[in-house]
Amino acid sequence: MTRGVLLFAENTDINYVNQAQILARSIKSNGNMPITLVTNDEIRSEYFDTVINIPASEGTWKINNRINAYDISPYDETIVMDVDMFCPVDLNQYFDLLCDEDLWFTTKVYTYRNTPVHSSYYRRSVDANNLPNIYVGMYYFKKSLKASKFFDTLKQAHNNWQEYYTTYAPQYTQTFASIDISTSIALHILNYTITEYDIGFVHLKPRVHDCDLPEDIHFVENKLFIGNFLQNRIVHYIEGFEDVLR
Amino acid sequence: MNGVLLYAIQEDIVNFSKPKVDYLKLAEYCASQIDKHMSLPVSLITNTSYTSKKFDKIINVNLHSRQTKKIAGQQIVWLNFDRCKCWDLTPYKNTLVMDTDFIIKNSSLCSVFDSGKDLLINKSYTDVNSRKDKTVERLAEHGIDMYWATVFYFNKNPKTKIFFNLVEHIQNNWSYYRMLYSIGNRKFRNDFAFSIAIHMLNGYTTSDWPCPLPDPLVSSFDNDTVFDLDIVQGDFLTSTRGLNTHIMNKVALTELLHD
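Line by line, the protein sequences are chains V and B.
Under my numbering, the final residue of the first sequence carries the number 258; numbering is consecutive throughout.
Under my numbering, the final residue of the second sequence carries the number 272; numbering is consecutive throughout.
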């Protein structure tokens, strides 16, 4: 069984390819893990084992290629990650933990203090419509019948998002397509239960914290600290953070 | 063996003047309340030549450092440097340590001895007037959570030995740790040192170790008026009858007990 990480990066006014390189470097420095970058950019980087070129997505928020992760991935088991992440953990451990699953999504996120996030500020539509509260920032799938069926349903939901969102998320209906909501609806349709594992990532979006983030972000012996807090989980960062991580 | 450990470290009384905070008097009262509600042996750590049959053991230590603190508008001598030595000094295998301004009024803390835990200490507190003060929830605005060394339980094992050694190391290097953890107050506080040691032993992050005590820390503050041992006033009068209560206004507490 082959294992690897799949990253999607299509540059806009934000340099996602650069973020992908920072992430790939952090993954490689914590374990020997193959990484594939899916991009419309021409790139050569020591951190990517494979680069798969795709045509550019339409629009300014280039997410539509992500629903093809199952078809694109060269691995039997794949972890897909958003590129604006920093990985201070050995992903081999995550694969070992998740290998009995066909499909797994992050269900719990944390503050930089390692306390669970309870705020639903960014998840109103999910909460109001009792949809599965998952995060696509990091997820796992195995090439399997169940995962294949899920991605087929996801494609349906995402390609017809207005209809699906109105039907399955009539409260606080989101007015734009997002992979989070489309995935949540697909899981809901399939009645798929996600197993909980304590590997949720740190979410640095400001509204999930009860105060501003500390300005003091630094490394001590290659370990990332935010304020006085060592980051032992994958960190999903916000704009400006990559300057420190670079 | 189980027991309670109290500290009464104070400067020598000069010219027979009554101290603003009489830690020995507070300790005597604390011990009598423990005897009444918990029926546990109580040992006292003191730098004085005090003797009393109220205590199971009296353990003498030397006074080596001093600092002052303002309580209810009065500058008092505040000698809080030996708390980290409790692991070595306690005569008990399982020890409940408490400040002498912690007034025991029920037996709820007896259950710590059956908890099977190595260390129990409260992180949150309940203000007698339900006031919220964010400055005592964390060591700094973005800082680590504050644990209250007012009352805590530990049993003697290698991990708790490391913990108290670490507290002592932090105390001995207070200037450095104070800066590292962005603590504005220059004064050494056991609450701060304990919080930092817990944070470090948790791998510089938040975890569920150590567990809280079975009894929430009910606390009044320095400037609150103490009418009697059951009635304090911050913003308004509050009865604390039956509740174990931390009365920080030690000056008022001393006056009450002397009366």
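To be clear, the hints were calculated from the coordinates, so they are not data collected in a lab.
Where hints are given, some of them may not hold.
[Stated by the list, open to error] Within a straight-line C-alpha distance of at most 30 Å, the following computed DSS-like cross-link-like pairs (lysine-lysine) qualify:
#, chain 1, residue 1, chain 2, residue 2
1, V, K235, B, K83
2, V, K217, V, K235
3, B, K200, B, K83
4, V, K120, B, K174
[Claimed, not checked] Computed, partial: chain V to chain B, Cβ under 7 Å:
#, residue
5, P128
6, S190
7, L242
Cβ atoms here follow ideal geometry from the backbone N, Cα and C, with glycine treated the same way.
Tested hints:
| no. | hint | verdict |
| --- | --- | --- |
| 1 | K235(V) with K83(B) | 40 Å, violated |
| 2 | K217(V) with K235(V) | 21 Å, holds |
| 3 | K200(B) with K83(B) | 11 Å, holds |
| 4 | K120(V) with K174(B) | 35 Å, violated |
| 5 | P128 | 10 Å, violated |
| 6 | S190 | 30 Å, violated |
| 7 | L242 | 4 Å, holds |
In terms of the numbered hints stated before, the structure departs from hints 1, 4, 5, 6, listed from lowest to highest.
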